[in-house]
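**Q** Each chain, letter by letter, is given below.
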Amino acid sequence: MNAPISEDDLHAYADGQLDAARLMQVETWLAGHPERRAQIEEWRTQAASLHRAYDRVLDEPIPARLVPAANAARWLDARKLAAVAWLLFGAAIGFFLRGETARDPGAAVALNSLPRQAAVAHAVFVPEVRHPVEVGADQEAHLVAWLSKRLGAPLKPPRLEETGYRLVGGRLLPGDSGEVAQFMYENAERNRLTLYVRPAAPKGAETSFRYAREHNVDVFYWTDSRFGYALSGNTGREDMLRLATLVYRQHDK
Amino acid sequence: MSSRDTIVAEIPRLRRYARALTGSADAADDLVQETLQRALEKWRLWQRERDLRPWLFSIMHNIHVDGRRRDHRIDFCDDDDLPVPVQRASQADALELRDLERALALLPLDQREVLLLVGLEELSYAEVARALKIPQGTVMSRLSRARARLKALLAGETAPQLKVVST
Chain U
1 MNAPISEDDL HAYADGQLDA ARLMQVETWL AGHPERRAQI EEWRTQAASL HRAYDRVLDE
61 PIPARLVPAA NAARWLDARK LAAVAWLLFG AAIGFFLRGE TARDPGAAVA LNSLPRQAAV
121 AHAVFVPEVR HPVEVGADQE AHLVAWLSKR LGAPLKPPRL EETGYRLVGG RLLPGDSGEV
181 AQFMYENAER NRLTLYVRPA APKGAETSFR YAREHNVDVF YWTDSRFGYA LSGNTGREDM
241 LRLATLVYRQ HDK
Chain S
1 MSSRDTIVAE IPRLRRYARA LTGSADAADD LVQETLQRAL EKWRLWQRER DLRPWLFSIM
61 HNIHVDGRRR DHRIDFCDDD DLPVPVQRAS QADALELRDL ERALALLPLD QREVLLLVGL
121 EELSYAEVAR ALKIPQGTVM SRLSRARARL KALLAGETAP QLKVVST
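Here the protein sequences come in this chain order: U and S.
Heads up, the first sequence is in the numbering used here, so the first residue is 1 and it goes up one at a time.
Heads up, the second sequence is in the numbering used here, so the first residue is 1 and it goes up one at a time.
The set of hints was computed from the structure by calculation and includes no laboratory data.
Remember, it's a predicted structure, so these values are computed and weren't measured experimentally.
Mixed in with the good hints there might be a few duds.
Have a look at the derived ranges for each label pair, beta carbon to beta carbon [claimed, not checked]: (1) U:23 <-> S:148: 19 to 29 angstroms; (2) U:216 <-> S:23: 38 to 48 angstroms; (3) S:42 <-> U:140: 49 to 59 angstroms; (4) S:137 <-> U:136: 21 to 31 angstroms.
Where a beta carbon is used, it is the ideal one built from N, C-alpha and C, also for glycine.
Using the sequences and the hints, build the whole thing.
**A** Right, dumping it as structure tokens:
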């Protein structure tokens, strides 16, 4: 099948949007039409100029108002922070769930699941270079007081120094029924762990230790009378089990 | 799945597109911010879409167009029966801008959008059609006109005849 070469084909050729078969046909045709080849080169030059003019925007730091920032002025503005955090969550969860919900409309209830939310929060903030946490470990007393107040019960980040992980800091996030805290830890190899803590449901049963793998994140989770906890990481199930056991024992005391 | 696949990673591209579209850093970031907020309000809807990026560009497109209407700016029209590109009078100032920015500013909005989504953001034609909610054939005709027009503008040709039309 050799449909005549159209203007659209030439644009698609310039933009690299032709399939292999059509590409061959257009190539052949262009060999006999140098003036059209020159035109294609011009279009490509235009696109290259656009990149030269605007690609620098990609390297600019993202203005704080567009991302949850770590500085104090930001988290005091709780409403704005909540909006952006909700956005990140919504988009991330929506992204993670799009396949599943397409198959099963009822899967939206899975949004309530602790390990899934924890894994999403983990995936969102662990790659952050500039703003991994809102309040750093250098202000730990403040961090503890702040998050305990917001979650309505005393809350302390576990100590994991013996495993090589140090506390980076923490942040407050919106959960589906209120505030959630996230603590982040990092070791010398720059592996990061996050501990996601949300208030327990009023009549929620305490659960023992459980494991889930959500989107390549290993999550160990459990609940006690006050909180639901989920420890997320990417260093493999065995390693995470060791770390989670340590965290679990510290909270179980 | 890494979080690079999430919306956070899309912010730089949204900013690049908005900068080229509006020609102003402040207006661009306002547009991005509003786009992110709108995406928040509507995020449940986007599961139906295949990809996040065209969906975000489509939200940005709607906000940008609404904003121009709200500000009583004069909208560019793509109809072939409207042969003269409609211009804001104040865009005469844009002639002072450097070549490309000037030329982009002079492109009708609907052509500029297609040109930037294809040439700068490298969306597929189908994605552009989805983002702008127009048929793919319209994408192709706008792209063709945009490229010819940009060429003429970069060659120093000014808009043939400008007229201001109130909306």
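**Q** Please name the hints from earlier in the document that this structure breaks, with their numbers sorted from lowest to highest.
**A** Hints 3 and 4 are the ones this structure does not satisfy, whereas the remaining hints hold.
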